[in-house]
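Residue numbers (the numbering used here), protein chains in the order written: chain E, 1 to 187; chain R, 188 to 295.
It is worth saying that the hints were derived from the structure and are not from the lab. We put the CB at the ideal spot given by N, CA and C, even for glycine. Just to be clear, a hint being listed does not mean it is correct.
Unchecked claim - In silico lysine-lysine, DSS-like type, Cα no more than 27 angstroms apart, as pairs: (1) LYS40/E / LYS285/R; (2) LYS236/R / LYS284/R; (3) LYS295/R / LYS284/R; (4) LYS251/R / LYS34/E; (5) LYS61/E / LYS19/E; (6) LYS286/R / LYS236/R; (7) LYS180/E / LYS19/E; (8) LYS295/R / LYS282/R; (9) LYS285/R / LYS295/R; (10) LYS122/E / LYS251/R; (11) LYS131/E / LYS251/R; (12) LYS90/E / LYS61/E.
What the hints assert, rightly or not - Among chain E residues calculated to face chain R with C-beta under 10 angstroms, some are: (13) TRP66; (14) VAL102; (15) SER103; (16) ILE132; (17) ARG140.
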Amino acid sequence: MFSVTGLNGASSNGSINVKDAGLIGMITLRGDLKSDAIAKVIKVVTGTNIPDQRQCVFTSKGATAWMSPDELLVMVDYESVDATIAKMEKSLQGVHSLIVNVSDARAVFELTGSSIRDVISKGSPADMSSKILPVGEVRRTRIAQLAVAFWFTSDTTARLVCFRSVAGYVMDWLENASEKGSEVGFH
Amino acid sequence: MLNFRCPNCEITADETDLHCDGQAHIERFGAGASDDDLETYLFMRHNPKGVHFERWRHVFGCGKWFNAARCTVTLEVFGTYSAQSLVPPKSLINKIKKKRPEWEGFVK
């Protein structure tokens with residue numbers, strides 16, 4: 001089967017660079033994050049530990065992001081999602097949990113530039129200062145009236161996730177907010 | 188603008204990240220209850236000028252519920268606490284009493 005992202009490779013180059021991050025395997029895992037069984041399965045599929053509150057942790061194998069007190073977002077290769085889910089379901093048999101493939105239900109943006117914090121601040125109530133939102137911390141909030149989650153992977157790069165159905169709107173919004181000449185220079 | 192600290196994800200979020208669901212600590216009455224009890228449960232709400240206890244949901248964030256105490260006049264937020272509480276925590280009540288000596292105390 002031929003898969004495309006909700007953004008279909010869109011990109012824009014204003015005060016920051018916005019581009020489609022491509023196909024990413026994303027799995028929602030809900031359950032008791034303090035349980036050993038879940039810690040074990042996360043270690044096997046992404047190589048990471050259970051992230052602390054609001055953190056996103058990476059290895060070369062994948063990433064795990066803390067979404068809420070009982071929810072993780074597991075990121076792996078797009079092609080390996082089905083196999084990963086099968087593996088997770090098998091090892092979590094009998095453990096109260098929920099595993100869902102959300103790869104095609106989300107759109108992921110790759111943001112690059114030194115003014116990402118200013119651009120997102122234009123439409124989000126989140127405190128974007130690097131003290132409140134350091135590199136590696138996930139913030140779930142809104143942009144305009146849409147639910148998004150984002151985290152900085154370095155001082156000048158960030159990932160932003162939204163629902164696939166609104167990917168086009170978020171792309172337009174980011175393009176508009178990062179239009180050249182509209183820099184804020186606050187953060 | 189109201190700012191609440193969500194006790195579930197420990198993020199300070201403003202009211203546009205949240206959703207308010209009215210008065211907290213409502214006693215529920217269902218099938219078999221008297222008409223008066225059912226009416227109170229369904230329709231009767233406090234409408235104080237001052238300290239108010241509310242249920243809020245971190246709807247754009249972690250998605251979890253919590254309770255909050257705030258002043259309906261000044262919009263001062265006294266504190267937030269777990270939604271899994273039948274009454275507000277003692278420490279929060281003491282804190283509010285200190286700030287609002289004229290407050291009659293928590294009424295269910």
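Violated hints - listed by number, lowest first: 1, 14 and 15
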